[in-house]
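Q: Sequence:
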Amino acid sequence: MLGQSDNIWDADINDLKQGYKENANAYTCLLCGQRLEKGLVFHHEDVFYEAERFMKVHIETTHQSVFDYLIDMDKKVTGLTDHQNKLLRLFYQGKNDTEIQKELEVGSTSTIRHHRFALKEKERQAKTFLVLMELLKEKDEHAPAFVPPHHTATMLDDRYNVTFEEQNSIIAKYFSTNKEKLTKFPTREKQKIVILREIANRLEDNKTYTEKELNERLKRLYDDYVLIRRYLIEYGFVDRKQDGSQYWLRK
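Heads up, the sequence shown is in UniProt numbering, so the first residue is 1 and it goes up one at a time.
FYI, nobody ran anything at the bench for these hints, they're computed from the structure.
Treat each hint with caution, since some may be false.
[As the list claims (entries may be wrong)] Label-pair restraints from in silico Cβ distances:
hint, residue 1, residue 2, range
1, Lys139, Asn215, 46 to 56 Å
2, Lys219, Glu189, 17 to 27 Å
3, Asp140, Arg35, 27 to 37 Å
4, Lys179, Glu234, 18 to 28 Å
5, Glu189, Val226, 12 to 22 Å
6, Tyr225, Phe117, 45 to 55 Å
7, Asp74, His43, 32 to 42 Å
[As the list claims (entries may be wrong)] Listed next, the in silico DSS-like pairs over lysine-lysine satisfying Cα-Cα at most 30 Å (straight line):
hint, residue 1, residue 2
8, Lys184, Lys212
9, Lys127, Lys76
10, Lys251, Lys181
11, Lys21, Lys56
Positions of the beta carbon are idealized from the N, C-alpha and C atoms, including for glycine.
Modelling step: build the complete structure from the supplied sequences, incorporating the hints.
A: Encoded structure:
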């Protein structure tokens, strides 16, 4: 099931920095939803790990780092321009201003220092905005609860302006009473995204499907499974090999 985007948006900044959250019974990866129960021992490359240490190994081996995962997100999510994205990647690699200036072939080292200053200013603005939004939550009793967009979305715009109440209404409208079959595929973009998200939620995480397996799974929901499969890929819910031999949920 999809859901890691909810984990990301709901996490506090310290949990997000480390890439996982802890509760009484387990550690959960905020990037993909992987859950490791406390008290168990996990084996990787001839080494045994307790749950929390293995969660760090999981993040390193599966996602490379929290930084790499977040920096690869859509710029409408990160708020970074393409140039700022490149700069942050180079800063994270530990390169100095001279090395970065030569690699980007722009201006001089003072130009890079100016960009560093601009990014620090953006950081200060972001902190202020976060505090304002936290304070607003205490006073704004009429704010609707919005459904977070999936982080692999191929476009982010007003089509994702959907509340949980709207989502439930759309699902009830287009699915059968028992929610086992899709009765009609919507034409409106906002409704289309809600329905595709619901269908994606019914696919298994960490499973690679053959085309036949995916078709069979989708056909249980809707007769025109080819249409659904195409839209799942187009809207960033599902990825596939170029030859179409394997399909999986994007993370």
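Q: A separate judgement is required for each hint: does it hold in the structure or not?
A: The hints, checked one at a time:
{"no.": "1", "hint": "Lys139 <-> Asn215: 46 to 56 Å", "result": "holds, 50 Å"}
{"no.": "2", "hint": "Lys219 <-> Glu189: 17 to 27 Å", "result": "holds, 24 Å"}
{"no.": "3", "hint": "Asp140 <-> Arg35: 27 to 37 Å", "result": "holds, 33 Å"}
{"no.": "4", "hint": "Lys179 <-> Glu234: 18 to 28 Å", "result": "holds, 24 Å"}
{"no.": "5", "hint": "Glu189 <-> Val226: 12 to 22 Å", "result": "holds, 20 Å"}
{"no.": "6", "hint": "Tyr225 <-> Phe117: 45 to 55 Å", "result": "holds, 53 Å"}
{"no.": "7", "hint": "Asp74 <-> His43: 32 to 42 Å", "result": "holds, 36 Å"}
{"no.": "8", "hint": "Lys184 <-> Lys212", "result": "holds, 22 Å"}
{"no.": "9", "hint": "Lys127 <-> Lys76", "result": "holds, 18 Å"}
{"no.": "10", "hint": "Lys251 <-> Lys181", "result": "holds, 25 Å"}
{"no.": "11", "hint": "Lys21 <-> Lys56", "result": "holds, 11 Å"}
When each numbered hint is compared with the structure, no violation occurs for any of them.
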